[in-house]
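*Asks:* Sequence:
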Amino acid sequence: MTDFERLLECAKEGDKEAQEAIFRMYRPLLVKKAMEQNVFEEDLYQEFSATLLNCIKVFKV
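Counting in my numbering, the sequence shown runs from 1 upward without gaps.
These aren't lab readings, by the way, just hints derived from the structure by calculation.
Any given hint might turn out to be false.
Stated by the list, open to error - When the alpha-carbon atoms are kept at most 25 Å apart in a straight line, the in silico DMTMM-like pairs for lysine to aspartate or glutamate are as follows:
1) LYS32 / GLU13
2) LYS57 / GLU13
3) LYS60 / GLU9
4) LYS57 / GLU42
5) LYS57 / GLU9
6) LYS57 / GLU20
7) LYS16 / GLU47
8) LYS32 / GLU47
9) LYS32 / ASP43
10) LYS60 / GLU13
11) LYS57 / GLU17
12) LYS60 / GLU42
13) LYS16 / GLU5
14) LYS33 / GLU20
15) LYS12 / GLU47
16) LYS32 / GLU20
All chains, please: the whole structure from these sequences, using the hints.
*Replies:* Following this line, the structure appears as structure tokens:
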């Protein structure tokens, strides 16, 4: 099992620090994808963030 898989397992079990660590890993991508014509779209970022946290819960390791 890789370090990321262990981190994901902890996050799935509700470990807030593990969830935050994964979120920090993907934050640059979320910010990049939330840019629309060089304008940061806060609502879109929030949707992406919520989706990421939901995906952590349902992802099968």
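*Asks:* LYS60 and GLU13 were given as a pair; does the straight-line alpha-carbon distance stay at or below 25 Å?
*Replies:* It holds: about 12 Å lies between the C-alpha atoms, which stays within 25 Å.
*Asks:* Just to be careful, I want the Cα atoms of LYS57 and GLU13 compared with a cutoff of 25 Å; is the pair within it?
*Replies:* Given that 25 Å is the threshold and the Cα spacing comes to 8 Å, the pair holds.
*Asks:* Taking only the CA atoms, is the gap from LYS60 to GLU42 under or equal to 25 Å?
*Replies:* violated, 29 Å
*Asks:* Measure nothing beyond the straight line between the CA atoms of LYS32 and ASP43; if it is 25 Å or shorter, mark the hint as holding.
*Replies:* holds, 13 Å
*Asks:* Next pair to validate is LYS57 with GLU20; report whether the Cα-Cα distance is within 25 Å.
*Replies:* Holds, at roughly 13 Å.
*Asks:* For the pair supplied as a hint, LYS57 and GLU9, is the alpha-carbon distance within the 25 Å limit?
*Replies:* Holds. LYS57 to GLU9 sits at ~9 Å (cutoff 25 Å).
*Asks:* Given the hint that LYS32 pairs with GLU13, test it: the Cα-Cα distance must not exceed 25 Å.
*Replies:* violated, 28 Å
*Asks:* Is the straight-line distance between the alpha-carbon of LYS57 and that of GLU17 25 Å or less?
*Replies:* Within the cut-off at roughly 14 Å; holds.
*Asks:* Check whether the Cα positions of LYS60 and GLU9 lie no farther apart than 25 Å.
*Replies:* holds, 9 Å
*Asks:* What's the verdict on LYS32 and GLU47, does the C-alpha distance respect the 25 Å limit or exceed it?
*Replies:* holds, 13 Å
*Asks:* Is the Cα-Cα distance between LYS33 and GLU20 25 Å or less?
*Replies:* holds, 19 Å
*Asks:* Below or equal to 25 Å on CA atoms is what counts here, so check LYS12 against GLU47.
*Replies:* This hinted pair holds, its Cα atoms lying about 19 Å apart.
Checked against the numbered hints given earlier, the structure breaks hints 1 and 12 and satisfies all the rest.
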